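J.: Spelled out, the chains give:
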Amino acid sequence: AQKITQTQPGMFVQEKEAVTLDCTYDTSDPSYGLFWYKQPSSGEMIFLIYQGSYDQQNATEGRYSLNFQKARKSANLVISASQLGDSAMYFCAMRTGSSNTGKLIFGQGTTLQVKP
Amino acid sequence: SQTIHQWPATLVQPVGSPLSLECTVEGTSNPNLYWYRQAAGRGLQLLFYSVGIGQISSEVPQNLSASRPQDRQFILSSKKLLLSDSGFYLCAWGPGQGPGETQYFGPGTRLLVL
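Keeping their order, the protein sequence lines are chains G and P. The opening position of the first sequence corresponds to residue 865 in our numbering, with each subsequent residue numbered one higher. The opening position of the second sequence corresponds to residue 41 in our numbering, with each subsequent residue numbered one higher.
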């Protein structure tokens, strides 16, 4: 079965510090993509970063990086130098090559609160 | 650049009333379109997807239906709302169906059925 697991319902981080949000996935499909989205209180899902299953290097986008450990089936999001505006819910999602819908499978999310 | 719009932003409807939520995309052509629902504090569940005009596929059986009358317009409907239809509805678009194709979401519609 294809599944995304986020085990941290809530996280706190001090402003300017780094934080890691955990994500593990399960799929038997060798071709897949992993995504992280940010959902602030307004509700909009904002795309942050993408990692392909065949990518050799970890993805980075500004202060966001993805710690991709294929053997462990984990795709943790690292946010460096946290800012107050990073307070939001974060979702890990997966899309597989065998899907004929192109749907994203989401985890349950992690709420991040950045403390001043 | 591409933008995606949804309206209304918020809706309160009585049980048994009809529903129509609209989603439009600008700045792209022949997008794949998706309707997701999010229960409070949970992840998203795919309801419908469309790869072209008039082509709708349902992911889960439910009280809702979808239509795509124009290339960049996606509508979510119901003839009679149920209490369980309450939630946050998000429309998304994507350029393709491959595993690396990113989906981009609209601002969402909060629906409360009373």
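No lab work stands behind these hints: they were computed from the structure. As the structure is a prediction and not an experimental result, all values here were calculated from the model. Careful: at least some of the hints might be erroneous.
Which bits of chain P does chain G cover? Going by a derived footprint, with three or more residues having C-beta under 8 Å, they are [as the list claims (entries may be wrong)]: (1) 77-84; (2) 87-99; (3) 102-110; (4) 114-121.
From the structure, some residues in chain G lie toward chain P, with a derived Cβ separation under 10 Å [stated by the list, open to error]: (5) Q870; (6) Y889; (7) D893; (8) E908; (9) M909; (10) G916; (11) Q920; (12) Q921; (13) A952; (14) S963; (15) G966; (16) P980.
All C-beta atoms, glycine included, are put in the ideal place defined by N, C-alpha and C.
J.: State for each hint whether it applies.
T.: Going through the hints against the structure:
Taking a C-beta to C-beta cut-off of 8 Å, the segment 77-84 of chain P contributes 4 residues in contact with chain G, enough for the three needed, and the coverage statement holds. Beta-carbon proximity to chain G at under 8 Å applies to 3 residues in the segment 87-99 of chain P; the threshold of 3 is reached and the given coverage holds. Taking a C-beta to C-beta cut-off of 8 Å, the segment 102-110 of chain P contributes 0 residues in contact with chain G, too few for the three needed, and the coverage statement is violated. As drawn, the segment 114-121 of chain P meets chain G at 0 residues by the rule of a beta-carbon pair under 8 Å; below three, the given contact is violated.
Of the supplied interface hints, the one on Q870/G holds, with its beta-carbon coming within about 8 Å of a beta-carbon of chain P, less than 10 Å. At about 12 Å, the closest approach between the beta carbon of Y889/G and any beta carbon in chain P exceeds 10 Å, and the interface hint on this residue is violated. With a cut of 10 Å, the hint placing D893/G at the interface with chain P holds, because the nearest CB-to-CB distance is about 8 Å. At its closest, the beta carbon of E908/G sits 5 Å from a beta carbon of chain P; the interface hint therefore holds under the 10 Å criterion.
Because the closest C-beta pair between M909/G and chain P is about 4 Å apart, less than 10 Å, the hint holds. Because the closest C-beta pair between G916/G and chain P is about 5 Å apart, less than 10 Å, the hint holds. Against a cut-off of 10 Å between C-beta atoms, the interface hint on Q920/G is violated, since the closest Cβ of chain P lies about 15 Å away. The beta carbon of Q921/G comes no nearer than 15 Å to any beta carbon in chain P, farther than 10 Å, and the hint placing it at the interface is violated.
Proximity of A952/G to chain P is violated relative to the hint, the smallest CB-CB distance being about 13 Å (cut-off 10 Å). A hinted interface residue such as S963/G counts as satisfied when its beta carbon comes closer than 10 Å to some beta carbon of chain P; here the least separation is about 7 Å, so the hint holds. The restraint placing G966/G at the interface with chain P holds, with a minimum CB-CB distance near 3 Å, inside the 10 Å limit. The closest approach between the C-beta of P980/G and any C-beta of chain P is roughly 24 Å, which is over the 10 Å cut-off, so the hint fails.
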